[in-house]
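The listed protein sequences correspond, in order, to chains P and V. For reference, each letter of the first sequence is one residue, going 0 to 554 in numbering that gives the first Met the number 0. For reference, each letter of the second sequence is one residue, going 0 to 568 in numbering that gives the first Met the number 0.
Worth double-checking, as some hints may not be accurate.
As the list claims (entries may be wrong) - Facing chain V, according to a computed beta carbon distance under 7 Å, are these residues of chain P, among others: (1) SER250; (2) ASN254; (3) VAL264.
Said to hold, decoys possible - Here are the simulated DSS-like pairs of lysine-lysine, each with C-alpha atoms no more than 25 Å apart in a straight line: (4) P:LYS64 to V:LYS98; (5) V:LYS67 to V:LYS482; (6) V:LYS504 to P:LYS24; (7) P:LYS316 to P:LYS166; (8) V:LYS77 to P:LYS117; (9) V:LYS77 to P:LYS64; (10) V:LYS236 to P:LYS117; (11) V:LYS560 to P:LYS24; (12) V:LYS551 to V:LYS524; (13) V:LYS560 to V:LYS411; (14) V:LYS67 to P:LYS117; (15) P:LYS117 to V:LYS482; (16) P:LYS117 to V:LYS311; (17) P:LYS24 to V:LYS411; (18) V:LYS217 to V:LYS236; (19) V:LYS560 to P:LYS64.
It is worth saying that the hints were derived from the structure and are not from the lab. Owing to the predicted nature of the structure, the values given are computational and were not obtained by experimental measurement. Glycine included, C-beta positions come from ideal geometry on N, C-alpha and C.
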Amino acid sequence: MSKKNNLSAVEHIKTSSDGLRGTLKESLDEGLTGALYEDDQSLIKFHGLYQQDDRDRREERSAKKLEWLYSFMIRLRLPGGFLTPEQWIGLHHVAGEHSTGTIKITTRQTVQLHGILKSEIKPTIQSFNILNLDSIAACGDVNRNVTCSAHPKESAIHEEVFHYADKISTMALPKTRAYYEIWLDEEKIADKNEEDPLYQDRYLPRKFKVGIAIPPNNDIDVLTNDVGLIAIIDNGELKGFNIAAGGGLSSTHGNPNTYARLATVLGFVNTENVLKAVYEVMTIQRDHGNRSDRKLARLKYTIDKFGVDAFRTELEKRCGFQLEEAKPYIFTDRKDHYGWKQNHEGKWSYSVFIENGRVLDDEKIALKTALLEIAKTGKANFRFTGNQNLILADIVEADKSIVEELLVKFGVIAHTDQAGALRKNAMACVAFNTCPLALAEAQRYLPSLIDKIEPLLKKHSLQNEEIILRMTGCPNGCGRSPAAEIGFVGTAYGQYNLHIGGDRVGERLNTKYKDSLNEEQILSALDELFAVYKAERTEGETFGDFSYRKWVQTT
Amino acid sequence: MIGEVRLKELHDFLNGYSKEELLWINGYLSGIVSNGLTNGSANGHETKPATTKKISLAFGTETGNSKKLATQLAAAAKKRGINVKLIGLDQYRLSDLSKEEYFFVVISTQGEGEPPASAKKFYDHIHDNELSLPNLKYSVLALGDSSYPMFCKTGEDVDLQFEKFGAKRVVPLRKCDVDYEVEAMEWFGNVLNVIESQSVENVPVLQQQPVKKATGKKYYRGTVLANINLNDRGSNKATYHVEIGCDETIEYEPGDTIGIVPQNRKDVVKKIFTLTGIDADKVVQTAKQSAPVLELLTQHLNICYLLSSTVKKYAAITQQEIPDIRMDLVDLIRIYPVKDAAQFEEIVKILMPIAPRLYSVSSSPAAHGENEVHITVARIQFLAEDEQRFGLCSEFLGDLPVGSAITFYVHKDKNFKLPAAEEDVIMIGPGTGVAPFRAFLAERDATGATGRNWFFFGEQHFTTDFLYQTEIQNYVQTGVLSKIDLAFSRDQQEKIYVQHRMQQKADELYNWINNGASVYVSGTKDPMSKDVENTLLQIIEEKGKKTNEEAKQYLEQLKKKGRYEKDVY
Numbered sequence: 000m001s002k003k004n005n006l007s008a009v010e011h012i013k014t015s016s017d018g019l020r021g022t023l024k025e026s027l028d029e030g031l032t033g034a035l036y037e038d039d040q041s042l043i044k045f046h047g048l049y050q051q052d053d054r055d056r057r058e059e060r061s062a063k064k065l066e067w068l069y070s071f072m073i074r075l076r077l078p079g080g081f082l083t084p085e086q087w088i089g090l091h092h093v094a095g096e097h098s099t100g101t102i103k104i105t106t107r108q109t110v111q112l113h114g115i116l117k118s119e120i121k122p123t124i125q126s127f128n129i130l131n132l133d134s135i136a137a138c139g140d141v142n143r144n145v146t147c148s149a150h151p152k153e154s155a156i157h158e159e160v161f162h163y164a165d166k167i168s169t170m171a172l173p174k175t176r177a178y179y180e181i182w183l184d185e186e187k188i189a190d191k192n193e194e195d196p197l198y199q200d201r202y203l204p205r206k207f208k209v210g211i212a213i214p215p216n217n218d219i220d221v222l223t224n225d226v227g228l229i230a231i232i233d234n235g236e237l238k239g240f241n242i243a244a245g246g247g248l249s250s251t252h253g254n255p256n257t258y259a260r261l262a263t264v265l266g267f268v269n270t271e272n273v274l275k276a277v278y279e280v281m282t283i284q285r286d287h288g289n290r291s292d293r294k295l296a297r298l299k300y301t302i303d304k305f306g307v308d309a310f311r312t313e314l315e316k317r318c319g320f321q322l323e324e325a326k327p328y329i330f331t332d333r334k335d336h337y338g339w340k341q342n343h344e345g346k347w348s349y350s351v352f353i354e355n356g357r358v359l360d361d362e363k364i365a366l367k368t369a370l371l372e373i374a375k376t377g378k379a380n381f382r383f384t385g386n387q388n389l390i391l392a393d394i395v396e397a398d399k400s401i402v403e404e405l406l407v408k409f410g411v412i413a414h415t416d417q418a419g420a421l422r423k424n425a426m427a428c429v430a431f432n433t434c435p436l437a438l439a440e441a442q443r444y445l446p447s448l449i450d451k452i453e454p455l456l457k458k459h460s461l462q463n464e465e466i467i468l469r470m471t472g473c474p475n476g477c478g479r480s481p482a483a484e485i486g487f488v489g490t491a492y493g494q495y496n497l498h499i500g501g502d503r504v505g506e507r508l509n510t511k512y513k514d515s516l517n518e519e520q521i522l523s524a525l526d527e528l529f530a531v532y533k534a535e536r537t538e539g540e541t542f543g544d545f546s547y548r549k550w551v552q553t554t
Numbered sequence: 000m001i002g003e004v005r006l007k008e009l010h011d012f013l014n015g016y017s018k019e020e021l022l023w024i025n026g027y028l029s030g031i032v033s034n035g036l037t038n039g040s041a042n043g044h045e046t047k048p049a050t051t052k053k054i055s056l057a058f059g060t061e062t063g064n065s066k067k068l069a070t071q072l073a074a075a076a077k078k079r080g081i082n083v084k085l086i087g088l089d090q091y092r093l094s095d096l097s098k099e100e101y102f103f104v105v106i107s108t109q110g111e112g113e114p115p116a117s118a119k120k121f122y123d124h125i126h127d128n129e130l131s132l133p134n135l136k137y138s139v140l141a142l143g144d145s146s147y148p149m150f151c152k153t154g155e156d157v158d159l160q161f162e163k164f165g166a167k168r169v170v171p172l173r174k175c176d177v178d179y180e181v182e183a184m185e186w187f188g189n190v191l192n193v194i195e196s197q198s199v200e201n202v203p204v205l206q207q208q209p210v211k212k213a214t215g216k217k218y219y220r221g222t223v224l225a226n227i228n229l230n231d232r233g234s235n236k237a238t239y240h241v242e243i244g245c246d247e248t249i250e251y252e253p254g255d256t257i258g259i260v261p262q263n264r265k266d267v268v269k270k271i272f273t274l275t276g277i278d279a280d281k282v283v284q285t286a287k288q289s290a291p292v293l294e295l296l297t298q299h300l301n302i303c304y305l306l307s308s309t310v311k312k313y314a315a316i317t318q319q320e321i322p323d324i325r326m327d328l329v330d331l332i333r334i335y336p337v338k339d340a341a342q343f344e345e346i347v348k349i350l351m352p353i354a355p356r357l358y359s360v361s362s363s364p365a366a367h368g369e370n371e372v373h374i375t376v377a378r379i380q381f382l383a384e385d386e387q388r389f390g391l392c393s394e395f396l397g398d399l400p401v402g403s404a405i406t407f408y409v410h411k412d413k414n415f416k417l418p419a420a421e422e423d424v425i426m427i428g429p430g431t432g433v434a435p436f437r438a439f440l441a442e443r444d445a446t447g448a449t450g451r452n453w454f455f456f457g458e459q460h461f462t463t464d465f466l467y468q469t470e471i472q473n474y475v476q477t478g479v480l481s482k483i484d485l486a487f488s489r490d491q492q493e494k495i496y497v498q499h500r501m502q503q504k505a506d507e508l509y510n511w512i513n514n515g516a517s518v519y520v521s522g523t524k525d526p527m528s529k530d531v532e533n534t535l536l537q538i539i540e541e542k543g544k545k546t547n548e549e550a551k552q553y554l555e556q557l558k559k560k561g562r563y564e565k566d567v568y
């Protein structure tokens, strides 16, 4: 690809796409292949879809003189991860009709469906539209799904904070009507002004993630975002937010210019100024982010190139106001609080454990059916957590028993209670068979690996430790493996780098400890580490802090 | 390969020239070809007559870049009159390597110096085996990313292995970074120059072909080289692509069929022996031959779904009352047993020979070599007398493992043949009807025919039943297939068949036909070929502004001129 003005190929695709339209309509009509034309594969991301193929089938399909088995993944835009029960029922049916059927709760509080054929994309989006759901900007070089602490509020403030997720999402929506024209058959209005002051015609250099945390719970891993907002509440009043910038976990094996980074707290903004501040961080990234090398395009590299202070100065200049000094806050955990909880209004919620966020019916538990039945009662809202779990929320006292009956009937309560501590705090990205970037398995493998780690923990009497363990099939880190106490990062099929030393609350990344281990080596390494941890830790010291102290700090 | 009319002209022209004069003309013609002194072709296309060399361009791709690049290169070669066999290393038949003359590889490097997953089979094959490739001329284009340490390692490995095997590197290994387009074109330019410069020495001298008059059927003894179910998992169908190799040159052309006599299932024959007590080695004299009964029942005599007349004879010999239905021999014996082995001998003598089944060839000698023939076989299942029955031959072929011996003969079809190279061709071939058109396209591709090609294909489901999809995609990308229309009947609420696509394209279809295109229909007779013919008539009527009678006349005329041919069954 020729580099005009030293821009990457994707940049050219964006600017010549006529507002992200490209040749998507023609691609959909092309009956010779289940794939899109090449440039459209980049553009459809902005519409919330990825083109994928079943990697397990590649060899056999080729032998049969058939192309790869292409299908599409669609991800919804759900600021703060909230669905009404009616929307969940609709989602259940859309999943069954157009996709593999499994509803995947993502690591950023939304849902995605896999296995949608090219000819089914439009009907799927139209079905979602009827439910008032869309997938705009769920992927691509734009602001992605805005996350927000899901946890049942101890105070009334939560609802107020939650609205900021929606406000930010709306503020950062692309202005182009392409989505509506292509999928919803909206008429293209000639000469309509589609100016986009935020994104212009080139959008951002890379993806952009915004998250809002309400201390003391950091379930959304706020510092892993490009912009992390930490709600500051004083005397029952939302004062504003600490604003942190430059989080991003991906790196590339063998490329030392790439690295995982947690966001740096820049300062405090009040509620009046927060939207403007977020907006201007985006404009700085738009204007100064690296558009030649996509591997160095995330905001974290832009900030590090500027230097934090210079960045802050530029931000204040664009905002027209100064950032105040950051206000104190404390995070005490990142985990989901499973089971029944009651909030300040007396309403109940039940947090369900869903391994790797995968909602389906299998031989162990008919989770998908269970949730459908609960949704049909209309008695609970559906809120997704940053740990890929589900909170059945806002249940009034009178309805609690109805929901509980169903939870018991389908074994959901037993399933949640019986899962061990490690498993309940673990996370994996999708990887195979659909992700084209995966080097090794993640969600298909982690459950069985945990089966083998649990006896090791038991051996050292550590089975109740809520150690945060995460696995990703490649160093892009979609499953947030660099931000875990124990991280597995795939290097080749069946092999993982072992990372240790991350903290429990999400304020310190881990460090690579061993390279390219197979399962046997993983288990033996963990066995050793657990033994030393048990023997030498101080009271209450987490595995992550101990590992950091013992093995990382010293090197 | 030139059309009949031109061939006659050529023969007339050459009649009377001496051998020495013919040799001189041969050299003169090669000079013309290599120096491009011919006039442009009738259609104004830039292609020159193809060299007869076999040039393979193989790609190993992870993200699709190598494939896209290789396709572009193949199309560029075509414009220069060089025909290139484009193939993915995941689909490449490894046993072909020793027969290659020119082999060019475009391959990327992954991760820590690894080949793409799709090329792993090939990569392992050339590293795990000691091959000898003294006749091979090759070059490698390696794609990679210099920000990784093992830059282009896979390309280097492949280049080195071929060198070790004694092959001749005709263009040096070219390593490309992420910005590969310019360098790749340069490399390929060098490759094409090498091929063109070597073409003069390599044109074969006109040899006198001994004319053998065909006396009866010639049976070829072949070996199964490949046997692939083209339908994907979950399909309602199973369609086998069978490649048969032969030491002898197989005399056939695209449009011909081959006849195969299937063998009976061994387990069924065994059951018959058990039930009748006859000795497998007992030699029995039938009308046609004298052979051990094992051989007779396995290879020569039909024991499936016997004709009612045969069943009647069976009833007579065994003196039993048997209803007037068709049955398998094994079931007859089970329900209406023979008295003893001797009586069964009598039964053997009344059995009919196994009828050969005919299959349209789906290969082309120009493209696939003269020692190979391919067929496309649908696994037949049918309901007869409330019972699920299976096609004997399609079962036989479907189960035939690679390496099996197989005997066949060629049934020549005088009429279902490609027209002259510059004529346009319309092919309507749903399901296994694709077979002769694969042969047509391969032939036209290999010989550089300039006529346009339009293919109408239909099946049940796009994802599982698109027969030869990747080959067809390649033909579209390299321009061999000018137009393609697809109809997958069960992918939507309403059934869509090839004739619906014909109607949608009626204007252009009529245009092509009116301007000289030949129309071919291949596949099932009923109802497909009838529906297609009716649609053709409708289109001729409407677009040609003709009456119903006139349209019929028009079609008759096409038939008379050999421009409307059918291969239906």
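Now the hints, each set against the structure:
1. A least Cβ separation of about 12 Å between SER250 of chain P and chain V goes past the 7 Å threshold, and the interface hint is therefore violated.
2. A cut of 7 Å between beta carbons decides the hint on ASN254 of chain P: the least distance to chain V is about 6 Å, and the hint holds.
3. The beta carbon of VAL264 of chain P comes no nearer than 32 Å to any beta carbon in chain V, farther than 7 Å, and the hint placing it at the interface is violated.
4. A C-alpha spacing of about 22 Å is found between LYS64 of chain P and LYS98 of chain V, which places the hinted pair at or below 25 Å, so the restraint holds.
5. Distance check on the hinted pair: LYS67 of chain V and LYS482 of chain V sit about 20 Å apart at the alpha-carbon level, within 25 Å; holds.
6. Restraint check for LYS504 of chain V and LYS24 of chain P: the C-alpha separation of about 20 Å stays at or below 25 Å, so the hint holds.
7. This hinted pair checks out: LYS316 of chain P and LYS166 of chain P have alpha carbons roughly 23 Å apart, not beyond 25 Å.
8. A distance of roughly 32 Å separates the Cα atoms of LYS77 of chain V and LYS117 of chain P; the hinted pair therefore is violated under the 25 Å criterion.
9. Under the criterion of a C-alpha separation no larger than 25 Å, the hint pairing LYS77 of chain V with LYS64 of chain P is consistent with the structure, at around 22 Å.
10. Proximity of LYS236 of chain V to LYS117 of chain P is assessed by CA-CA distance (about 23 Å); at most 25 Å being required, the pair is judged to hold.
11. Restraint check for LYS560 of chain V and LYS24 of chain P: the C-alpha separation of about 42 Å exceeds 25 Å, so the hint is violated.
12. With a C-alpha separation of about 19 Å, the suggested pair LYS551 of chain V and LYS524 of chain V falls inside the 25 Å cut-off, and the hint holds.
13. Pair hint LYS560 of chain V plus LYS411 of chain V holds up; C-alpha atoms about 19 Å apart against a cutoff of 25 Å.
14. Taken as a hint, the LYS67 of chain V and LYS117 of chain P pair is honoured in the structure, with Cα atoms around 21 Å apart against an allowance of 25 Å.
15. Distance check on the hinted pair: LYS117 of chain P and LYS482 of chain V sit about 22 Å apart at the alpha-carbon level, within 25 Å; holds.
16. Proximity of LYS117 of chain P to LYS311 of chain V is assessed by CA-CA distance (about 57 Å); at most 25 Å being required, the pair is judged violated.
17. Using a Cα cut-off of 25 Å, the hinted pair LYS24 of chain P and LYS411 of chain V is violated, with the two alpha carbons roughly 46 Å apart.
18. About 33 Å separates the Cα atoms of LYS217 of chain V and LYS236 of chain V, which puts this hinted pair outside 25 Å; it is violated.
19. Taking the CA atoms of LYS560 of chain V and LYS64 of chain P, the gap is near 36 Å; set against the 25 Å cutoff, the hint is violated.
Violated hints, listed in ascending order, are 1, 3, 8, 11, 16, 17, 18 and 19; each of the other numbered hints is respected by the structure.
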